[in-house]
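K.L.:
Residues per chain are reported as follows:
Protein chains: 2
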Amino acid sequence: MLKRYLLAPGPTPVPPEVLLRMAMPAIHHRAPDFIPIFESAKNRLKWLCQTGNDVLILTASGTGAMTACVNNFLSPGDRVLVVNGGKFGERWTKICGAYAVSVEEVKVPWGRAVKPEDVARALERDPEIKAVFMQAVETSTGVYHDVEAVGGVIKGKKALFAVDAISALAVHDLKTDAWGVDLMVGGSQKGLMLPPGLAFLSVSEKAWEMAKGSKSPRFYFNLKKEREALKKNQTNFTPAVTLIAGLDAALEMIEREGLREVFARHARLAGAMRRAVGAMGLEIFPAESPSNSLTAIKAPEGTDGQEIYKRLREIYGVTAAGGQDQLRGKVFRVAHMGYAGVFDVITAVSAIEMTLKGLGHPLRPGSGVGAAEEAFLEQTAS
Amino acid sequence: MLKRYLLAPGPTPVPPEVLLRMAMPAIHHRAPDFIPIFESAKNRLKWLCQTGNDVLILTASGTGAMTACVNNFLSPGDRVLVVNGGKFGERWTKICGAYAVSVEEVKVPWGRAVKPEDVARALERDPEIKAVFMQAVETSTGVYHDVEAVGGVIKGKKALFAVDAISALAVHDLKTDAWGVDLMVGGSQKGLMLPPGLAFLSVSEKAWEMAKGSKSPRFYFNLKKEREALKKNQTNFTPAVTLIAGLDAALEMIEREGLREVFARHARLAGAMRRAVGAMGLEIFPAESPSNSLTAIKAPEGTDGQEIYKRLREIYGVTAAGGQDQLRGKVFRVAHMGYAGVFDVITAVSAIEMTLKGLGHPLRPGSGVGAAEEAFLEQTAS
Numbered sequence: 017m018l019k020r021y022l023l024a025p026g027p028t029p030v031p032p033e034v035l036l037r038m039a040m041p042a043i044h045h046r047a048p049d050f051i052p053i054f055e056s057a058k059n060r061l062k063w064l065c066q067t068g069n070d071v072l073i074l075t076a077s078g079t080g081a082m083t084a085c086v087n088n089f090l091s092p093g094d095r096v097l098v099v100n101g102g103k104f105g106e107r108w109t110k111i112c113g114a115y116a117v118s119v120e121e122v123k124v125p126w127g128r129a130v131k132p133e134d135v136a137r138a139l140e141r142d143p144e145i146k147a148v149f150m151q152a153v154e155t156s157t158g159v160y161h162d163v164e165a166v167g168g169v170i171k172g173k174k175a176l177f178a179v180d181a182i183s184a185l186a187v188h189d190l191k192t193d194a195w196g197v198d199l200m201v202g203g204s205q206k207g208l209m210l211p212p213g214l215a216f217l218s219v220s221e222k223a224w225e226m227a228k229g230s231k232s233p234r235f236y237f238n239l240k241k242e243r244e245a246l247k248k249n250q251t252n253f254t255p256a257v258t259l260i261a262g263l264d265a266a267l268e269m270i271e272r273e274g275l276r277e278v279f280a281r282h283a284r285l286a287g288a289m290r291r292a293v294g295a296m297g298l299e300i301f302p303a304e305s306p307s308n309s310l311t312a313i314k315a316p317e318g319t320d321g322q323e324i325y326k327r328l329r330e331i332y333g334v335t336a337a338g339g340q341d342q343l344r345g346k347v348f349r350v351a352h353m354g355y356a357g358v359f360d361v362i363t364a365v366s367a368i369e370m371t372l373k374g375l376g377h378p379l380r381p382g383s384g385v386g387a388a389e390e391a392f393l394e395q396t397a398s
Numbered sequence: 017m018l019k020r021y022l023l024a025p026g027p028t029p030v031p032p033e034v035l036l037r038m039a040m041p042a043i044h045h046r047a048p049d050f051i052p053i054f055e056s057a058k059n060r061l062k063w064l065c066q067t068g069n070d071v072l073i074l075t076a077s078g079t080g081a082m083t084a085c086v087n088n089f090l091s092p093g094d095r096v097l098v099v100n101g102g103k104f105g106e107r108w109t110k111i112c113g114a115y116a117v118s119v120e121e122v123k124v125p126w127g128r129a130v131k132p133e134d135v136a137r138a139l140e141r142d143p144e145i146k147a148v149f150m151q152a153v154e155t156s157t158g159v160y161h162d163v164e165a166v167g168g169v170i171k172g173k174k175a176l177f178a179v180d181a182i183s184a185l186a187v188h189d190l191k192t193d194a195w196g197v198d199l200m201v202g203g204s205q206k207g208l209m210l211p212p213g214l215a216f217l218s219v220s221e222k223a224w225e226m227a228k229g230s231k232s233p234r235f236y237f238n239l240k241k242e243r244e245a246l247k248k249n250q251t252n253f254t255p256a257v258t259l260i261a262g263l264d265a266a267l268e269m270i271e272r273e274g275l276r277e278v279f280a281r282h283a284r285l286a287g288a289m290r291r292a293v294g295a296m297g298l299e300i301f302p303a304e305s306p307s308n309s310l311t312a313i314k315a316p317e318g319t320d321g322q323e324i325y326k327r328l329r330e331i332y333g334v335t336a337a338g339g340q341d342q343l344r345g346k347v348f349r350v351a352h353m354g355y356a357g358v359f360d361v362i363t364a365v366s367a368i369e370m371t372l373k374g375l376g377h378p379l380r381p382g383s384g385v386g387a388a389e390e391a392f393l394e395q396t397a398s
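As given, the protein sequences belong to chains A and B, one line each in that order. Using our numbering, count along the first sequence one by one with no gaps and you end on 398. Using our numbering, count along the second sequence one by one with no gaps and you end on 398.
Derived from the structure by calculation, the hints contain no laboratory data. Treat the hints with care, since some could be wrong.
For chains that are exact copies, the list does not tell them apart, and a pair is met inside one copy or across any two.
[Said to hold, decoys possible] Calculated pairs, DMTMM-like style, for lysine to aspartate or glutamate (alpha carbon to alpha carbon, straight line, at most 20 Å):
| # | residue 1 | residue 2 |
| --- | --- | --- |
| 1 | LYS103 | ASP264 |
| 2 | LYS58 | ASP341 |
| 3 | LYS19 | GLU273 |
| 4 | LYS346 | GLU140 |
| 5 | LYS123 | GLU33 |
| 6 | LYS346 | ASP264 |
| 7 | LYS241 | GLU106 |
| 8 | LYS171 | GLU330 |
| 9 | LYS326 | ASP49 |
Nothing here was measured: the structure is a model prediction, and the numbers come from that model.
Whenever a hint applies, use it, and build me the whole structure from the sequences.
P.N.:
So, in structure tokens, the structure goes:
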């Protein structure tokens, strides 16, 4: 038996409480017993997103909600900005391209965070920009973009601010309303501790106004209809009822822990992971603003990141992630997001130590784990 | 405690074997341990759909796959036929409208099945028709449209044949390839005995050819990319992994029972239900070709179908369905689809008897149940 540990940046482990809630007998989505479950999940989701706006629940992957952001609010020919600092920034550009929305990219070198002034400058150059798309956490590089600061330069402008927070929700403090985020996208399989299959989307009044002029075709992702249904604690089409029941269970756990404490826990875990990386003589990939969701680690000189990923899995049962596109072979990524605690970080670090040692890389076993322990001890002492 | 029975035309009950399979710990969708699960489900799905074509697995409700049928194969201005004999026929028309596809409807009175010659005549009048859309089972009326016969009149024509089999798959014998069905749409929460959240779509070579010319915008539902991913036992975006694991478990159950036996069981259940309806002095709504998935029953003179639906639920714990749109108040609908056996029909009939008796309708308690029992006894004797 090789005991398995899921430490990938999504899907993430699902707590037994949530697995069992989802194993309940089927409920009819239009029947009265589903209404309180849906209503509870809906209200808790608003709390999690720190918004007074509606948070729509879609039966789809996160990319479904990203698609809905483009084809419900924009029209062919509209001009938008995309902050592109990795694989998922690219995705915004591709979605816009699919709907003939004209994109100007604010290119950010992989591993860097966007400079808010670059967004401000681009908006000044073209006041007709209808939306700014970016990630909160760019999963391919492990960078956190400063949502608050970028929100600050968009405020008062015509443009909508759309944030892919799929890898950030329930990890980083994201003040949707206070920071002027018009469209906040979430997914079930990350900080929310659920299996994949649900996407979330908070929509501001400003965005609903802009939706009136949108001329892109849509049917399954028709957000106006979802909004009407949501008022009745329903969805427009048959939703993934078991996942929604699981969502309510997961949000109940988050509520019990407390939002501040959830963010603080992720900050502690990420901080300890980064200390361990340094103590192992390794480097994190982000040159600035590393996320608290996952840590992208450079494969040391003379090793192959894909080989590290493979050995972590096959020898130690630890499912992490390799690098994508230009980072393939150059980095590997370990998540500490959602249902994650101290010993998930310890397990990851220990597995990395043994893997690198096994590959002949010079490294003192226990050096990384020791540093992570010291970080945890300091955190609990303070 | 009011013990609950889910006898609605979707979602349907989920067997404990499937619920437990879905409660397994999270698996990473790109990791090797997911591949055999996905591959097994994929191959069993082809077997279930009686097709050599790819059957794509989408994380969405059935309507997501219906939307994908319109925006992956057609372009604005294309002309299509829609067989519209109820609420879900209407849905095809609405989806086409959303993508500026021009619809000619073959109108079928609610409760009637389409006449294949009407489809043939419409195709002769306009040889440029690019696709024919219809339902196998029209869930709003409980009618089965003759897929084989309609397929026969389309064969050799330019048009694609797209069938919404969401309420028919794993209930009615649907020979996708032999009957010339180019696009067969399924959903998880009906005959497949799963919670909602997955949609299925088999695509013929003729349809892939037509897809090359399609100019509708798409991103989340990009079937060409799904096809490429499917070859590698993957999906284009993060799929609902727990539902796919459940899918494999459900298909394993169907495989063990045998396809012919599954269809025969549904025919027996539906036959017994219809006998019981007659014995209670009631009438089924379909004037012809009633489906084996569900039975739509006319609310007897002087009663309200919605009241019957409500009492079934509140007094007897039986979740059936009311009527939709023009049938609201006039019918109620009971399913015998998926994880259903003899005593689900007996339960439904008994609950209907008590409900109608409670509403003052003249009816001898046990008359319907007795007739159903006789039907079952004859079936097992023969």
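K.L.:
Identify every previously stated hint that the structure contradicts and give their numbers, smallest first.
P.N.:
Violated hints: 1, 2, 3, 4, 5, 6 and 8; rest satisfied.
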